[in-house]
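Just so we're on the same page, the working numbering is the position in the sequence shown counted from 1, plus 5.
No lab work stands behind these hints: they were computed from the structure.
In silico lysine-lysine, DSSO-like type, Cα no more than 27 Å apart, as pairs:
id, residue 1, residue 2
1, K557, K526
2, K558, K137
3, K560, K577
4, K537, K557
5, K557, K137
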Amino acid sequence: MAFEIGLVMAGAVSGGAYTAGVMDFMIEALDTWYGAMKDEAHLPPEQQTVPRHEVLLKAMAGASAGSVTASILAIALAYRFPPVRLAAGQNAPTMSGNPLFEGWVNSVDIQDLLSTTDFDGNADGEPAHRLKSALNSRKIDKTVKGILGSKGLTMQRDWVASKLPVQLMVGNLRGVPYGLTFRGASGNGHEMMRHGDHMSFCVHGAGSGTSTFIPGPGYLPLVHPNDSDTANWRQLGNAAMASSAFPFALRPRRLTRSPLDYDHRTYLQAGDCTLPPGDPLHCSTYQMIFPAWSRPQAGEYAFLCMDGGIMNNEPIDLVRSVLTDGEFERNPREGVQAHRAVLLVDPFLDPASYGPDEERPLHELLFPLLGAWKSQCRFKPEDLSLAQDTSVYSRFVIAPSRDYGPTDAEHPLASGGLHAFLGFFGVDFRRHDYQLGRRNAQQFLRMHFTLPENNPLFTTWAPQVRATWLAKTEYLSPPPGTTALHLPIIPLLGDCDTMLEKGLPWPVGGCDPARLRASIKTRIAAAYDAFKDDIGADWKIRLWLLPAWLLKKNKIVDWAVGALTEALEKQKLLR
6 MAFEIGLVMA
16 GAVSGGAYTA
26 GVMDFMIEAL
36 DTWYGAMKDE
46 AHLPPEQQTV
56 PRHEVLLKAM
66 AGASAGSVTA
76 SILAIALAYR
86 FPPVRLAAGQ
96 NAPTMSGNPL
106 FEGWVNSVDI
116 QDLLSTTDFD
126 GNADGEPAHR
136 LKSALNSRKI
146 DKTVKGILGS
156 KGLTMQRDWV
166 ASKLPVQLMV
176 GNLRGVPYGL
186 TFRGASGNGH
196 EMMRHGDHMS
206 FCVHGAGSGT
216 STFIPGPGYL
226 PLVHPNDSDT
236 ANWRQLGNAA
246 MASSAFPFAL
256 RPRRLTRSPL
266 DYDHRTYLQA
276 GDCTLPPGDP
286 LHCSTYQMIF
296 PAWSRPQAGE
306 YAFLCMDGGI
316 MNNEPIDLVR
326 SVLTDGEFER
336 NPREGVQAHR
346 AVLLVDPFLD
356 PASYGPDEER
366 PLHELLFPLL
376 GAWKSQCRFK
386 PEDLSLAQDT
396 SVYSRFVIAP
406 SRDYGPTDAE
416 HPLASGGLHA
426 FLGFFGVDFR
436 RHDYQLGRRN
446 AQQFLRMHFT
456 LPENNPLFTT
466 WAPQVRATWL
476 AKTEYLSPPP
486 GTTALHLPII
496 PLLGDCDTML
506 EKGLPWPVGG
516 CDPARLRASI
526 KTRIAAAYDA
536 FKDDIGADWK
546 IRLWLLPAWL
556 LKKNKIVDWA
566 VGALTEALEK
576 QKLLR
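Sequences and hints are given; from them, build the entire structure.
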């Protein structure tokens, strides 16, 4: 039996470069290991040197930047591409041809986001001078279209499921209504709107691993070879952009789907323990609950979307459901029994921050309120029971860690400042974080992504192979409270086993705020003109808007440059 992996990629804004680096190394490690197993397939067991067992990437889910990376992987896993390694003493990668590196490091930069081409209208009939977002999203559109059409030398990876579900979180601003029925004279019930939504896809042709997954209604098939002109592949790109549409900074996206998709969503229904154990309602189960549309939904259901990470930044629940084949059962947690796990890549796995504990002036309550709304949306009480249990082998996490550079920087990622937008202000920041992701992935696979050596997964290892790897205990870190010998779920072979360099130097001087002042000023002025056109001929608004603009425009520019400078200082990135 293969060890099944459900991959979850959290929201990260420009920190997505880190997640891309993590995935680059993991793909390299898996391809190297599977290639070595094939090379030894003709040898008798006593002559083998390579660990022999199977792993299977069974599902992927993402939010915000994680959705973009998941979408890139939905395409890239069907092709060969070179890893972006950093040679000893090398200051920056000199090659690419890697879709993860191209998509996250080389494609979108701050000059693209500050340009004003989005106010010019376009060939699709979009009107000019409409303020849809603080930053220009046109380059993102172009980048996504290029990724959707990218191809290479095809390959089917044995460690990828032949039917690979990919689910992307979106913030559905329109909402889906649900109702609760109460007894009473009015006959009225309680209505709720669900705004945490997701788009579902199933990739065919990227892998050859055995898959038991049955795509239900709502799953759009993505059949390789990919094609940017095919409706389902375009929908993947649109969903990725919708999921990563950071509120107000990037343009919201309109999606459409069949309203019948929501008829097949399942929700946990509490069981009745007073019923006999054999009764189907004795245990908690997943039940289909139908939306309470106020009127029949004919044709397509259209909805405007913002960042999916607002509602669910780590969509663990979506992947866990696929791992259990949609059943209400837990993943085995004990080390000896574990045979599947959720793997979370989270560039900003930071401690929770507290809100105010004393009275504040009214104007100081807006951001705490928004933060409280966001945190409550992301609160998942069903995950708390396992939060402090270090013996759980059904969930793993990769998060940034570095032992070089400034120790007093606000975040280990260069991109970590300015609410994670800082990476867009310098390609060196993204290069650094990409390589840190590769290095952290190597250490994770070597030291933490392990199981006790008596787990049935390792029964297919030849005795001499087991002895060799058990001797590598200095590389393995069993969880606290256990001294059991552990073996790796994904063994590192060849170049992947060689200790990576500490990464790029801390990218001090990767951005000069003064050089961006003119671009920031131009963008703000163009945004003002567009906003003025949007409000039309309302003279009351224009009466105060023009003098306010004349008085404050330079202060707005100063504030923007000052905020950038402060973020760079906190990250120790100013020269």
